[in-house]
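Chemist: With chain A fixed as given, assemble chain B onto it according to the hints.
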Amino acid sequence: MSTTLKSAPVAVPAGPATTPSSRTRTGLAWLKHKEGWFFLLGLVLIWQLVASLHFSGSYLFPSPLTTLKALRESLPELLRGTGASFLILGPGFLLAAAAGIIWGLIVGTVPALQRLFTPFSRLASPTPPTIYIPYAIALLPSFRSAAGFVVFIGAFWPIFLNTTAGALALPQRYRDNARILGLHGHEYLRRIVFPAALPHIFSGLSVGLVFSFIMLTVAELFGASAGLGRFIQLYADYADYPRMAAGILYTGAVVLLTTELLERIKRRALFWVR
Amino acid sequence: MSSSRLNHSSTQGLEIDHVSFAYEGQPTLADITLTLPVGEFVSLLGPSGCGKSTLLKLLAGLLSPAQGQLSWQGRKIDGPSLERGVVFQDYSLFPWMTLEENLSLALAKAHPETERKWRRQLTAEYLELVGLADASGKYPFELSGGMQQRGAIARALAVGSPVLLMDEPFGALDPINRTRLQDLLLSVWSSTSPKKTVIFVTHDVDEALYLSDRIVMLGASPGRVIAELDVPFARPRQRRALVNSAEFQQLRRQIDERFQQDVLSRIEETSLVGAEAEGI
Chain A
1 MSTTLKSAPV
11 AVPAGPATTP
21 SSRTRTGLAW
31 LKHKEGWFFL
41 LGLVLIWQLV
51 ASLHFSGSYL
61 FPSPLTTLKA
71 LRESLPELLR
81 GTGASFLILG
91 PGFLLAAAAG
101 IIWGLIVGTV
111 PALQRLFTPF
121 SRLASPTPPT
131 IYIPYAIALL
141 PSFRSAAGFV
151 VFIGAFWPIF
161 LNTTAGALAL
171 PQRYRDNARI
181 LGLHGHEYLR
191 RIVFPAALPH
201 IFSGLSVGLV
211 FSFIMLTVAE
221 LFGASAGLGR
231 FIQLYADYAD
241 YPRMAAGILY
251 TGAVVLLTTE
261 LLERIKRRAL
271 FWVR
Chain B
1 MSSSRLNHSS
11 TQGLEIDHVS
21 FAYEGQPTLA
31 DITLTLPVGE
41 FVSLLGPSGC
51 GKSTLLKLLA
61 GLLSPAQGQL
71 SWQGRKIDGP
81 SLERGVVFQD
91 YSLFPWMTLE
101 ENLSLALAKA
111 HPETERKWRR
121 QLTAEYLELV
131 GLADASGKYP
141 FELSGGMQQR
151 GAIARALAVG
161 SPVLLMDEPF
171 GALDPINRTR
181 LQDLLLSVWS
191 STSPKKTVIF
201 VTHDVDEALY
211 LSDRIVMLGA
221 SPGRVIAELD
231 VPFARPRQRR
241 ALVNSAEFQQ
251 LRRQIDERFQ
261 QDVLSRIEET
271 SLVGAEAEGI
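Chains as they are written, first to last, in this note's numbering: chain A, 1 to 274; chain B, 1 to 280.
These aren't lab readings, by the way, just hints derived from the structure by calculation. Among the hints, erroneous ones may be present.
[As the list claims (entries may be wrong)] No farther apart than 20 Å at their CA atoms in a straight line, the calculated lysine to any residue pairs in the SDA-like style are these:
hint : chain 1 : residue 1 : chain 2 : residue 2
1    : B       : 138       : A       : 273
2    : B       : 138       : A       : 268
3    : A       : 69        : A       : 270
[Unchecked claim] Simulated coverage check for chain B against chain A, where a stretch passes if three residues somewhere in it have a Cβ under 8 Å from a Cβ of chain A:
hint : segment
4    : 72-85
5    : 100-109
No residue lacks a Cβ here, since even glycine has one placed at the ideal position from N, Cα and C.
So here's chain A without its partners, still in its complex pose (with noise of 0.2 Å):
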């Protein structure tokens, strides 16, 4: 203990000689948080250095520069089939919220219901939900009903089981408060019970979104006539590989890109929450 005692002043002269090393770091100081661009810029660089590297089976690895020459002349049928994933998953996922969060809500606040769905959730919610694409396929009259149903599927259990979790977790305080003013029925789900899950939701709907995109290019490997997952399965089909690769980069900046936007709808919805 005493040393700590000691070392105490001897930290108090290091206060001035922090002023030239701020300066170089005012300097540097673009590069201040920007780690991650560097990290990518080496990834990058690694992926050139083994693309440009001569051995057998390198055809499987295109350098950046062709993969992007390929983005570029592909994007046409990129976006066509980003339309065509997108009237998939749209339906697919907005439903699953739908029903999922208000069977959510139901399920949360109703302990009789709970305990009626609990055993029957707790065996469906594990299951992958891939494994009902052969079936779905099977049983559905087109191939965007099946993929539908699965992204539906895929989606569902995450954003139910998040948004019963938050109507469970319902602060006290806030129960009493509704039930002091009498708020009962759908106006207590729709006034109390949502916007205070309203964080688990949101948790539900990130994982939910992730999975109904896993969803929908496993999909669409099966039997999709467009769309993004059939787009890399052709393209590797037919061995272009710089092709197969920009299709991969496109689609995960698509992805990047939904869930993005989900994250700036919830910091506008939650804005109350400190």
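Modeler: Same frame as chain A, but now just chain B:
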């Protein structure tokens, strides 16, 4: 059987009749019997763990007693009601609604038959009354603790409940805001007619003495009434003069002594029980 007795006491305001309550097997309130007349300002004063907040929740109808019965004007309390407005220490307002939305939601529930325009006007009036006219569009997180409590009081008043239950409403405020809100509460309370019945939970002796007509002292483990005393000071009360008066100081001392006496007798009792147990 009980109805005839209740009819007999129908004008008596809040009745607490041999009420006991246990939390997770631990008795928190033991055999409480109190009569709180209409229009009185009563403080429930006691140390933490005396069950004063539990008693308030029982009066609000948020909890049900294990034994006994509570009633308001002869009617049994069996759930929350807008007849009995509650102000908590914090979180009384919903954080996702503006001050105005908080008030108009309460008004819409209390008076569903009224027009939106009327409710808006009433909301504005009550916000004005507590000095928050300019803050109606603000969210609770944009307001200080004192302003939030003003909003909670405005909400309870706007609803027009004849009973106001307050659970340490100023407990989280700094001394300056606390005295301001005490004065605000008193001026609002004395200007309304008929007078509201206020049950005010606090552990602050000065606060209880300054505000109340009557003080109910509660002892801890289990919570029970150890004394009731009338506060004889005339209204309107002048804070500084009152606090410095000999009468105030004497009452204050009396209360402190009574609490101390209770604590001592509790210790004696437990040590006696301990001695007995050792003897066996």
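Chemist: Look at each hint and say if it fits the structure.
Modeler: Hints, one by one, checked against the model:
1. Taking the CA atoms of residue 138/B and residue 273/A, the gap is about 14 Å. The hint holds against a cut of 20 Å.
2. For the suggested pair residue 138/B and residue 268/A, the alpha carbons sit about 16 Å apart, so the restraint of at most 20 Å is met.
3. Only pairs whose Cα atoms come within 20 Å are accepted, and residue 69/A paired with residue 270/A is rejected, the gap being roughly 41 Å.
4. Only when three residues or more bring their CB closer than 8 Å to a CB of chain A does the claim for the segment 72-85 of chain B stand; here the count is 6, and the claim holds.
5. Residues of the segment 100-109 of chain B lying with their CB closer than 8 Å to a CB of chain A number 3, which satisfies the three-residue condition for coverage.
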